[in-house]
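Participant: On the provided structure of chain A, position chain W as indicated by the hints.
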Amino acid sequence: MAFNFNWSPLTADERFYERARDLLTTALNKSPKPPIIVDDIFVTEFNLGSVPPDLEILEIGDLAEDRFRGIFKMCYSGDAFLTLKTRVQANPLNTYLSAKPSFTSPQPLAAASSLTIPLQITLSEIKLSAFIIVVFSKQKGLTLVFRNDPLESLKVSSTFDSIQFVRDYLQRTIEVKLRDLMMDELPAIIHRLSLQLWCPDQVLKEGDESKEESDPVQNPLGSPPLDAIDASGHLLDPTEISSLSLDGGPGTQSLFSQKSIIQLTSLNGSNHTSCLFTRELHNSMLRAWAGPSDRVDASPTPPLATPSLSRPPSYYGSTHTYTFSDIGSQDTGLLTSRPSSVNLSHATAGLSLGSGRHHKAGRKKKTRVVNLRRKTGSEVSSEAGEAVSDSTSVQGPMSEPAMPTSLLEVPREDEMAVLAGSGPSRVRFRGSSDIAQPTPMQSADTPIVSPNSRDVPITSQLPLRLPQDAGDRGKAVETREPILVDSKSQRSRGGPQSDTSSVILEQAWIMKMAGEIARRVYDEKNRNPAFWEDRDDTPPPAYEAR
Amino acid sequence: MREFMHYITNAFYGATEWNEDNTYKELNATARELIDFPLPLGLRVNLASLATPHFATSYQLGTVGIVDGSISYLYSSVALRGVAAQSDRIPLPALLRSFRRLHDLGSRGDEAAPNAGGPGASASHAVSIDTDGGVGLAPTHVGGNKVTGRDRDKSSLLYGRLYLPQSLLEGLVVKRFSPVLQVQLSAVSEQSLRNGGTLLGLIQYDKGKFGVEGLASTDGGLLGVRGLYNLGGDASSPGATPTACSTNESSSSSSGQSGERERIYGRFSVGGEVYYGTLNKSGGMSLGARFATLPAHRGTPLTAALTINPLMGNINATYAILAKEYCSMATRMEFNVYSYESDWAVGMELWSNRRPAGFLLGVDPNRQREEVAQKLAKTNERSFQAKMEWRLDGPEPTTAAEEAKVPAGQDTPGVTKEEEYLGVLKARLDQNLRIGLLWEGRVKSLIFSLGTGVDLHKLDEPFRSLGLEIQYSS
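Respectively, the protein sequence lines represent chains A and W. Residues in the first sequence are numbered consecutively from 1, following my numbering. Residues in the second sequence are numbered consecutively from 1001, following my numbering.
Bound conformation, chain A alone:
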């Protein structure tokens, strides 16, 4: 698995710096300033430099087309710099008096007269080392949180460099300030920036621009048959992207989300009012009704509960991994709250909500994961011989709590695609290796806990799911549906410790799936090699299968 971080494209867009400067300026002037600063703080120069930070992936908790969650270790010692300009009060008596009650003021006549001095501060040679939690969601933008104090050192040079005392004071003060900024303000800034990039409809000024872009594109899309719009929309994606990729990748991603969100908002509004006119939504389908063929496009406009809907695959896709992940999270203590809460929501959703949703989400998730894996894998293989590092990086996180659910499935299908025959055995091997990797305590716990937790999902979901499968699935779905059921039931029957070999039927289905996946991956790779764009533009598998 490889992530391609483009450092220079950030700098290539000159409007990026403009925006970043504005955001930094507003952020710096937001909080009340000490009396010594008598003017607004302006960010005059800001450059990220040419040296990218070193990122080490520690853990990937969630990975999908439209969202991502992971923990990185970042080390940075580059040539980024930042120049601030402001005016400071040079008379200490003036600042002394400004915060004091006037009643006890000594009321100096002219000793407190002000002398303001323009001050320019340049921060450079910034050295950072931090653990970063990145949560990306196309709807909510990018959230970046530092787990620890990221600032190691920096160099502060100012107008007062010749005065030792002032320089030391500035260095000290700014380091403290910057730590606050990094911990508190920077996440907010990045979030706002990302909203402007990915969710222009949440930022008004940005939304207007991209709306103009999207409308001419959307109209030709609207002319094809109504029922096929989703699929056709994605059919047209490559051409759109080829035409729109000139003005930046992220812009294209906003095309669909913006439009449909506006429509959904109007629909929602019509429900809240007594308006008799219900807006017709041309380009969207309700998730609950949508067949699996339509499901891929649901990603731009999911409700807030997306995570809980998307999690289930890990749940019944492979039960043993689920229990394992639970234990692992409890033992390691990392992200404990998240898996547990997710589990709860799974259980309730699986029991109370319609199984069609559940099932669909699960399927969707599964294919998505497979997609990514395949894509990245193929990219890796095509790009350079980084496959080794990739595999190691994958192996590492496997022991992490939140990950294994998706990871376990992914390699399995990878293997299926490549070596069809030995697929199932690989699965077992992976599973056992996973269990073997954690500490002895964890592996000892697994058998004890797994039966209990396995009972709930199987009994509740399987009966519900089967009629649904038989009922309203399209052809393409039916072909694949049994596999999942089979593999799942087989797996749940066998459990992680079962030594029974795979069924021949399953192998055949796996072969079929693998072929489809390989074909799709190939298409996508041809279409757009960029990683982040890939995630959005994956064509619906159903369409590909047709």
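Source of the hints: derived by calculation from the structure; they are not laboratory data. Heads up, some of the hints might be wrong.
Estimated spans, in silico, between C-beta atoms of each pair [said to hold, decoys possible]:
{"no.": "1", "chain 1": "W", "residue 1": "Ala1216", "chain 2": "A", "residue 2": "Asp180", "range": "32 to 38 Å"}
{"no.": "2", "chain 1": "W", "residue 1": "Pro1165", "chain 2": "A", "residue 2": "Ser31", "range": "22 to 28 Å"}
{"no.": "3", "chain 1": "W", "residue 1": "Val1274", "chain 2": "A", "residue 2": "Asp168", "range": "26 to 32 Å"}
{"no.": "4", "chain 1": "W", "residue 1": "Pro1165", "chain 2": "A", "residue 2": "Leu55", "range": "27 to 33 Å"}
{"no.": "5", "chain 1": "A", "residue 1": "Ser77", "chain 2": "W", "residue 2": "Gln1431", "range": "44 to 50 Å"}
{"no.": "6", "chain 1": "W", "residue 1": "Val1225", "chain 2": "A", "residue 2": "Lys155", "range": "39 to 45 Å"}
{"no.": "7", "chain 1": "A", "residue 1": "Pro118", "chain 2": "W", "residue 2": "His1054", "range": "52 to 58 Å"}
{"no.": "8", "chain 1": "A", "residue 1": "Asn268", "chain 2": "W", "residue 2": "Gly1069", "range": "48 to 54 Å"}
{"no.": "9", "chain 1": "A", "residue 1": "Phe103", "chain 2": "W", "residue 2": "Gly1221", "range": "48 to 54 Å"}
{"no.": "10", "chain 1": "W", "residue 1": "Asp1343", "chain 2": "A", "residue 2": "Ser162", "range": "26 to 32 Å"}
{"no.": "11", "chain 1": "A", "residue 1": "Gln171", "chain 2": "W", "residue 2": "Phe1177", "range": "47 to 53 Å"}
{"no.": "12", "chain 1": "W", "residue 1": "Arg1263", "chain 2": "A", "residue 2": "Asp161", "range": "55 to 61 Å"}
{"no.": "13", "chain 1": "A", "residue 1": "Asp161", "chain 2": "W", "residue 2": "Gly1196", "range": "37 to 43 Å"}
Just so it is clear, CB atoms sit at the ideal spot from N, CA and C, and this is done for glycine as well.
Facilitator: Below, chain W without anything else, positioned relative to chain A:
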């Protein structure tokens, strides 16, 4: 408008013959008050009372979106008898006038010196600070009682004020130890302050010819010294005070004494201040000089002050002039030789003897006009007789005449004389084209103050602030 408690404190200083202006802090007070007068904000109502000659209370209620208020009490060991505390009798200039005349120097040193008009005169200065021409008025009302030496030398004043709902407590203790030595302790207690409050101690030594102050603050361990030295004018000659007094007396009686003070007659003062914060290791200093005409001067009264802060490179020059009796103006220019920043501001005040909104309030304008006409006639007659002697003593004869009629008592000529001024308009303009307008006056027995701030840079929304303050005292 000076607050009632400020007025009473001034009355205390007057009664104890303490010259509060003989300090470096007040070097450019005239121009400062003409330019930097405070604008009321929101609605504010003051109820005050000098309940007994020793005790005064004041309640204030204000609202600027939120309602707040304050309660204050004042105790004076010296009986403040005869101080016009009723809001319908308070001399308006004492409350409102910005232009300050210099006080006599060293009047406290010699007890017996000006028996005739001396103590009374100085008292009237202090209380009705700027009653023009009131300098030489005969034994008077406002400062009222003469305090005997012993009482005066041991006099003290206690003042406390509690702001609600901020729970901010102010306290002030003024204690006189000797005729030339006075100690002030002021304290503020509030939760948000570091250590819960601050304390400022001030030792004032006023020898007439020079005044020295030492101060110490608990906040940052600030220590400071400032001093003022007077030279020229009445301070130069040893018999300065009697001369001034006699001049005053002669002019007030308008005896037509020949103008030996034809040339400009005033007093030079130079001073300086030094501060050092022992805890934060920072300090500051400034030097200043002032020339101000003495009341005996027959020309236009003026005050010019120059302060220099050599550390910060700041030069500040102010000039204030009492152009007419009803009009005074001031300008201020600032320049910083290090940062080349400059600033200017002008301020003025215009007194009016017209009743504010007289028609609406049902005052008979004719009567008023008659009175004025009568006064004017008298004045004209007088000044025609004593022509070119002292251009400012126009109203003097009137008061003198009235004084002769009315026995010196509570209802005094001073008050009557000042009654002709019923309102004052103050205005200022600074470099940023911000205008401050303040209209103060008396309606019946209420003293009001209506002010607004105008920003000429934002003409679409010019009024930055608006406020009305009403004071009633009894």
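Participant: How does the Cβ-Cβ distance of W/Pro1165 and A/Ser31 compare with 22 to 28 Å: does it lie in that range?
Facilitator: holds (26 Å)
Participant: Could you see if the CB distance from W/Val1274 to A/Asp168 stays within 26 to 32 Å?
Facilitator: holds (27 Å)
Participant: Confirm or reject the claim that A/Asp161 and W/Gly1196 have a C-beta distance inside 37 to 43 Å.
Facilitator: Cβ of A/Asp161 to Cβ of W/Gly1196: about 39 Å, so the range 37 to 43 Å holds.
Participant: So the hint says 26 to 32 Å: do the beta-carbon atoms of W/Asp1343 and A/Ser162 match that?
Facilitator: holds (29 Å)
Participant: Please check whether A/Asn268 and W/Gly1069 have a Cβ separation lying inside 48 to 54 Å.
Facilitator: holds (49 Å)
Participant: Per the hint of 44 to 50 Å, is the separation of the Cβ atoms of A/Ser77 and W/Gln1431 within bounds?
Facilitator: holds (48 Å)
Participant: At the C-beta level, are A/Phe103 and W/Gly1221 separated by a distance inside 48 to 54 Å?
Facilitator: violated (19 Å)
Participant: May I ask you to test the hint 32 to 38 Å on the CB atoms belonging to W/Ala1216 and A/Asp180?
Facilitator: Holds, at about 36 Å.
Participant: Starting from the hint 27 to 33 Å, judge whether the C-beta atoms of W/Pro1165 and A/Leu55 obey it.
Facilitator: Violated, at about 53 Å.
Participant: Return holds or violated for the Cβ distance of W/Val1225 and A/Lys155 against the range 39 to 45 Å.
Facilitator: holds (43 Å)
Participant: Do the Cβ positions of W/Arg1263 and A/Asp161 conform to the proposed distance bound of 55 to 61 Å?
Facilitator: holds (57 Å)
Participant: At the C-beta level, are A/Pro118 and W/His1054 separated by a distance inside 52 to 58 Å?
Facilitator: holds (56 Å)
Checked against the numbered hints given earlier, the structure breaks hints 4 and 9 and satisfies all the rest.
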